[in-house]
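Student: If you read the protein sequences in the order shown, they are chains Z and A.
Each residue of the first sequence is one higher than the last, beginning at 5 in the working numbering.
Each residue of the second sequence is one higher than the last, beginning at 83 in the working numbering.
To be clear, the hints were calculated from the coordinates, so they are not data collected in a lab.
Note that beta-carbon positions come from the ideal geometry of N, C-alpha and C, so glycine has one too.
Be careful, since some hints might not be right.
[As the list claims (entries may be wrong)] Listed next, the in silico DSSO-like pairs over lysine-lysine satisfying Cα-Cα at most 27 Å (straight line):
id, chain 1, residue 1, chain 2, residue 2
1, A, Lys121, Z, Lys17
2, Z, Lys10, A, Lys121
3, Z, Lys10, A, Lys386
4, Z, Lys158, Z, Lys142
5, Z, Lys90, Z, Lys49
6, A, Lys121, Z, Lys22
7, Z, Lys49, Z, Lys142
8, Z, Lys158, Z, Lys85
9, Z, Lys49, Z, Lys82
10, Z, Lys85, Z, Lys161
11, Z, Lys49, Z, Lys161
12, Z, Lys17, Z, Lys85
[Stated by the list, open to error] Pulled a few chain A residues facing chain Z out of the computed Cβ check, cut under 8 Å:
id, residue
13, Met133
14, Ile190
15, Tyr428
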Amino acid sequence: MLNSLKGLLITLKTTIRKPVTAQYPNQHMPVQDRYMGFPALTWDKDYEEPYCVGCMVCIRECPTQCMSATMMDNPLHKEGKSQRRKMVEDFEINLGRCILCGICVEVCNFDAIVMSHEHEISTYIRNGRRADLSELLKMGTRFQEEMHWLPPSKIAKTPGIAPSDSGHSGDNGDSPNQLSTSTTEEDPE
Amino acid sequence: MDAIKSFYGNEIAQVVIGLFALLTILSIIVLSLVWIERKYLGRLQMRMGPMRVGPHGLLQPIADAIKLVSKEDIMPDWVDRWVYWLAPLVLFVPSFLIWVTIPSSPTIMLRDLELGLLYVIAFSVVSIVGLIMAGWGSANKYGVLGGLRSVAQLISYEIPIIVVALTIAMMAHSLNLLDIVDAQSTTPFILLQPFGLFIFFIAGLAEVGRTPFDIYFAESEIMGGPFIEYSGAHWAIFFLAEYINTFLLAALIALLFLGGWAGPFLPDVVWFFIKVYSLVILFFWFRGTFPRLRIDQLMGLAWKALVPLSFLNFIVTACVLFYGWPNWALSGLNLVLLVGVFAASYRVMNSKTRTPKLNLVPAREVRRA
Chain Z
5 MLNSLKGLLI TLKTTIRKPV TAQYPNQHMP VQDRYMGFPA LTWDKDYEEP YCVGCMVCIR
65 ECPTQCMSAT MMDNPLHKEG KSQRRKMVED FEINLGRCIL CGICVEVCNF DAIVMSHEHE
125 ISTYIRNGRR ADLSELLKMG TRFQEEMHWL PPSKIAKTPG IAPSDSGHSG DNGDSPNQLS
185 TSTTEEDPE
Chain A
83 MDAIKSFYGN EIAQVVIGLF ALLTILSIIV LSLVWIERKY LGRLQMRMGP MRVGPHGLLQ
143 PIADAIKLVS KEDIMPDWVD RWVYWLAPLV LFVPSFLIWV TIPSSPTIML RDLELGLLYV
203 IAFSVVSIVG LIMAGWGSAN KYGVLGGLRS VAQLISYEIP IIVVALTIAM MAHSLNLLDI
263 VDAQSTTPFI LLQPFGLFIF FIAGLAEVGR TPFDIYFAES EIMGGPFIEY SGAHWAIFFL
323 AEYINTFLLA ALIALLFLGG WAGPFLPDVV WFFIKVYSLV ILFFWFRGTF PRLRIDQLMG
383 LAWKALVPLS FLNFIVTACV LFYGWPNWAL SGLNLVLLVG VFAASYRVMN SKTRTPKLNL
443 VPAREVRRA
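So here's chain Z without its partners, still in its complex pose:
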């Protein structure tokens, strides 16, 4: 019977505690830094164009064949403003088909694709989650800003900056501005 009193005390304690519930649609729980959500395309702020050149490596390696892309000549390259000869014209990922394996990120030679933090894909229409280039770039840019993302190849080549576990640098420990030839402040817009 004393044990019963002990049980009552325990439930009293849990009653006083704050509920752990998150009221989902109104309140989103943050995801972990290394969370692998849907793939997204990154934006090169130095040249104001996507990193992606449309080389189709990711598309060939994708096990579920959920992506497609087309390549075009880069108009900025002709003017001498960019070193990329080609750039992506259109890119589509069927997020409903993607299995989040991350192979596209591993095979990409241009740091152009990342596993973003996006994970809520419900829509009201069939095929509503066919993300096109602009949406993928939007997702990617959001991820870059959220994580202070740096291209992994740049981190690997530059001595003095310890590559973090996750492949992109952490918060503000070492300033990313030392690396880049032009800082983000000088960019137009």
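Position chain A against the provided structure of chain Z, taking the given hints into account.
Tutor: Then chain A, alone, in the frame of chain Z:
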């Protein structure tokens, strides 16, 4: 002649209006109990409980009620038609009619019955018939099991309840609930009869089938027992009766042990409802804490512990009253009984002989022998 006619006319009108008001108030109370139960159990499990319908889910019970009433009322082919239809009424009407004599203040009650306590107990026994009618009429294995379990449980736990109620009536020299409350104007009976309250509380929980004594509709074993085939409005009536009974138990404890509506500053009715609602929350706390008993444990608790202890308490109280010993002797003896029960249960729970040690013999020893 006209005078008689108008008198009876008034009388009937009063009865009708009173019963209707009672039904309305009880329905509102049941809705509030459902909300409190879901909210409290939620907090107990560190959830929030209903939050969507209305502010803090206040309108959730109303939404549930509308859903229940508008649901299809299914009657399986094989049921015993009359018994099946009548069972909810046989369960609901007595538990509703008990409230005719429950006072929530010296003036607010429908009928002041001289044998109020007897009336309450007599009518609460009728609900057993409703339960077994529901189980038997459903012609369902789980239903019959639940019905038989309910009979076994309710008849066993009726005895300690009656004996404790009798003890209280003996101390108050009356079966009238108003007189019983008046008798507590100096000292509420919780101080004189803590052990009686202990027995009444446990047996009462079993009597209204609250967890941990809900074996007759145990959802995880017999899936609702007697209520298994019911749906829609008929199930809603069972539900209503169950919550009315819970509230009745809380009201009875408040009236018999906590001094009814006595209390400083606030009006009578407010004090009554404060006491009753706190008791109801105590029931929900028990529900959130304890696991369900097995049927043999349940019957053992009734016949080996509560029945003899309630008789012991009855005899002790009778002696004290007969020899005219002072009040502190009564409360002292009661406390001794309470502490004794706690100590005995502690010794039984922690005794080494309770769980026999397994005497495992290695296989090769067996072969040799």
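Student: Please go over all the hints and tell whether each is borne out by the structure.
Tutor: Okay, the hints, checked on the actual structure:
no.: 1; hint: Lys121(A) x Lys17(Z); result: holds, 16 Å
no.: 2; hint: Lys10(Z) x Lys121(A); result: holds, 23 Å
no.: 3; hint: Lys10(Z) x Lys386(A); result: holds, 24 Å
no.: 4; hint: Lys158(Z) x Lys142(Z); result: holds, 22 Å
no.: 5; hint: Lys90(Z) x Lys49(Z); result: holds, 17 Å
no.: 6; hint: Lys121(A) x Lys22(Z); result: holds, 13 Å
no.: 7; hint: Lys49(Z) x Lys142(Z); result: holds, 13 Å
no.: 8; hint: Lys158(Z) x Lys85(Z); result: holds, 20 Å
no.: 9; hint: Lys49(Z) x Lys82(Z); result: holds, 19 Å
no.: 10; hint: Lys85(Z) x Lys161(Z); result: holds, 24 Å
no.: 11; hint: Lys49(Z) x Lys161(Z); result: holds, 19 Å
no.: 12; hint: Lys17(Z) x Lys85(Z); result: violated, 66 Å
no.: 13; hint: Met133; result: holds, 6 Å
no.: 14; hint: Ile190; result: violated, 32 Å
no.: 15; hint: Tyr428; result: holds, 6 Å
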